[in-house]
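Peer 1: Residue numbering for the sequence shown is -26 to -1, 1 to 457, as defined by mature numbering (1 follows the signal peptide of the UniProt record, and there is no 0).
Simulated from the structure, these hints should not be mistaken for lab results.
Keep in mind the model is a prediction, meaning the values are calculated, not measured.
Every residue, glycine too, gets a C-beta built ideally from N, C-alpha and C.
One should not assume that every hint holds.
[Claimed, not checked] The calculated lysine-lysine pairs, modelled on BS3-like cross-linking and capped at a C-alpha distance of 27 angstroms, are:
no., residue 1, residue 2
1, K372, K427
2, K427, K396
3, K372, K396
[Unchecked claim] Quick list of simulated restraints, FRET-style, between CB atoms:
no., residue 1, residue 2, range
4, Y165, R279, 18 to 26 angstroms
5, N207, D375, 22 to 30 angstroms
6, R186, F428, 21 to 29 angstroms
7, P129, D50, 23 to 31 angstroms
8, G453, D121, 52 to 60 angstroms
9, Y165, G54, 45 to 53 angstroms
10, D375, T290, 15 to 23 angstroms
11, G289, T446, 35 to 43 angstroms
12, T401, H276, 39 to 47 angstroms
13, R186, P256, 16 to 24 angstroms
14, T401, W176, 17 to 25 angstroms
15, F428, G54, 42 to 50 angstroms
16, D50, A195, 25 to 33 angstroms
17, G204, T440, 38 to 46 angstroms
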Amino acid sequence: MTIRTTALLASAVLLGATVVASPAVAATVDTNAYYVLVNRNSGKALDVYNLATNDNAPIVQWSRNDGAWQQWRFVDSGGGYYRLKSRHSGKVLDFSSTADRTGLVQTTDAGRTGQQFRLADSDGGHVRLINRASAKAVDVLDFSTADGAQIIQWPDTQGRNQQWQLVRVGAPGTFTNPIKRNGPDPWLQYYNGYYYLATTTWNSTITMRRSRTLAGLASAAETVVFNLSGRPNGCCNMWAPEFHLLNGRWYLYYVAGQNVPDYNPTQRLHVLESAGTDPMGPYTFKADLGSTWELDPSILQHNGRLYLMGSAIDGTQSLTITPLSNPYTISGARRTISQPTLAWERQTGAVNEGAEPLYRDGRVMIVYSASACWGPDYKLGLLTLTGTDPLNRSHWTKSPDPVFQRNDGNGVFAPGHNGFFKSPDGTEDWIVYHANDSASGGCDMNRSTRAQKFTWNADGTPNFGTPVRLGTQLAAPSGEPVG
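My request is simple: use the sequences and hints to build the entire structure.
Peer 2: Laid out in structure tokens, this is it:
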């Protein structure tokens, strides 16, 4: 009891008054909803460290991104107490003892009192989480504002580091980025009622996740659709997968090489073929596509013909195109169609890569990634087919300015390696891409997958707008199921 409180009580007794403590105002939650818990002191969210799904994994604070690992559902335990269940792991918050500084972890839901919390109100709409077993508050250790700071229990002091804002995850019909936290080089398609997403794994597996909603991809299960282990020409380091429906089958193109570290000189293009029309396979290996270093395969279709696009070394890292006689057979020489000649294509490193086709009203375009992926200025450029022959470099016209780039104000750096998809009802155009949330982010697995709707300029070119800040609530693609 503070001196001030003691003095007030003494005054009340002298005056013959009866002092009654103010009743706690019980904060209310929707037990059918998920919430992100944002700390008042740091502005960071309660987070399952390193996307763990195991018992006793630590809980930390992390920059808010609204991923499933930052989403919690309040499960009623009776008596005004709740268990907080992770959307990512299905486990609940737990203090294993009643001692000060006990670290908060996630464990299998057993209904123990150490797993139960009540909401105590603070001003400004914030709450404190008071553990039923210890009567202590969920606390950020030492008032830290750093990512990864430990969450502990401590006597309830009502400090700002013990206060949390409950942010309800977007209502049906909305989503927030990222849609995959560790998801570089994303490829996303909507097919037969589901979104399908594949990204770089940097290991020997090709994985995919699916969901009926864009928001659901953040917590969807990761399914291995093919294992590269043992393949002599591409066992490891799987990058940049794309799957295309061609002639009634899915063809999954990807980059892989031998198991050597860093910038891999053995990386080559490869393709799988599906047994049917399910994007998740099963797949069988179909072909190696070339015998020299090449990255970022994609498929251009023009006048009934198929072309393999990639990125290879031609003095500098450049965009390439190769004719195909079918989805898995090269039928001619590889040609270069773009080199990084403009200043904005040469920041940190001179690079053209990640060519992706875009079609509208008879216009054929390529949106590609430029500058070094390990710098903050990785960005998108645009080529337009202004002639008739995709294999002829002079038939492509390069836009003089980038069409999508970093936005420091929104905390988005190095946006690139994109793909395109349609909304479920076919009325909207969407871009999927990866980006970093700091200027020091690298060309690694920490890049996250994001998506946003785009429009068209009067001259028929795409208008991608500005990359949105993580956590911004966006309307879901038109035609998504609601509820």
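Peer 1: Run every hint past the structure and note whether it holds.
Peer 2: Structure-based check of all given hints:
Pair hint K372 plus K427 holds up; C-alpha atoms about 23 angstroms apart against a cutoff of 27 angstroms. For the hint linking K427 to K396, the alpha-carbon distance of about 9 angstroms falls within 27 angstroms, and the restraint holds. With a CA separation close to 25 angstroms, the supplied pair K372 and K396 stays within the 27 angstroms bound. A hinted range of 18 to 26 angstroms holds for the C-beta pair Y165 and R279, which are about 23 angstroms apart.
Checked against the hint of 22 to 30 angstroms, the pair N207 and D375 fails, with Cβ atoms roughly 39 angstroms apart. At roughly 22 angstroms, the beta-carbon separation of R186 and F428 lies within the given 21 to 29 angstroms, and the hint holds. In this structure the hint that P129 and D50 lie 23 to 31 angstroms apart at CB holds, the actual value being about 26 angstroms. Roughly 37 angstroms separates the CB atoms of G453 and D121, a value that falls outside the hinted 52 to 60 angstroms.
A hinted range of 45 to 53 angstroms for the beta carbons of Y165 and G54 is consistent with their spacing of about 46 angstroms. At about 20 angstroms, the CB distance of D375 to T290 agrees with the hint of 15 to 23 angstroms. Taking the beta carbon of each, G289 and T446 are about 40 angstroms apart, inside 35 to 43 angstroms as hinted. A hinted range of 39 to 47 angstroms for the beta carbons of T401 and H276 is inconsistent with their spacing of about 25 angstroms.
Take R186 and P256: their Cβ atoms lie about 22 angstroms apart, and the range 16 to 24 angstroms holds. Taken as a hint, the range 17 to 25 angstroms is violated for the pair T401 and W176, whose Cβ atoms sit roughly 36 angstroms apart. At roughly 47 angstroms, the beta-carbon separation of F428 and G54 lies within the given 42 to 50 angstroms, and the hint holds. A beta carbon spacing of about 27 angstroms between D50 and A195 agrees with the range 25 to 33 angstroms that was offered as a hint.
Hint check: G204 to T440, Cβ distance near 45 angstroms, so the stated range 38 to 46 angstroms holds.
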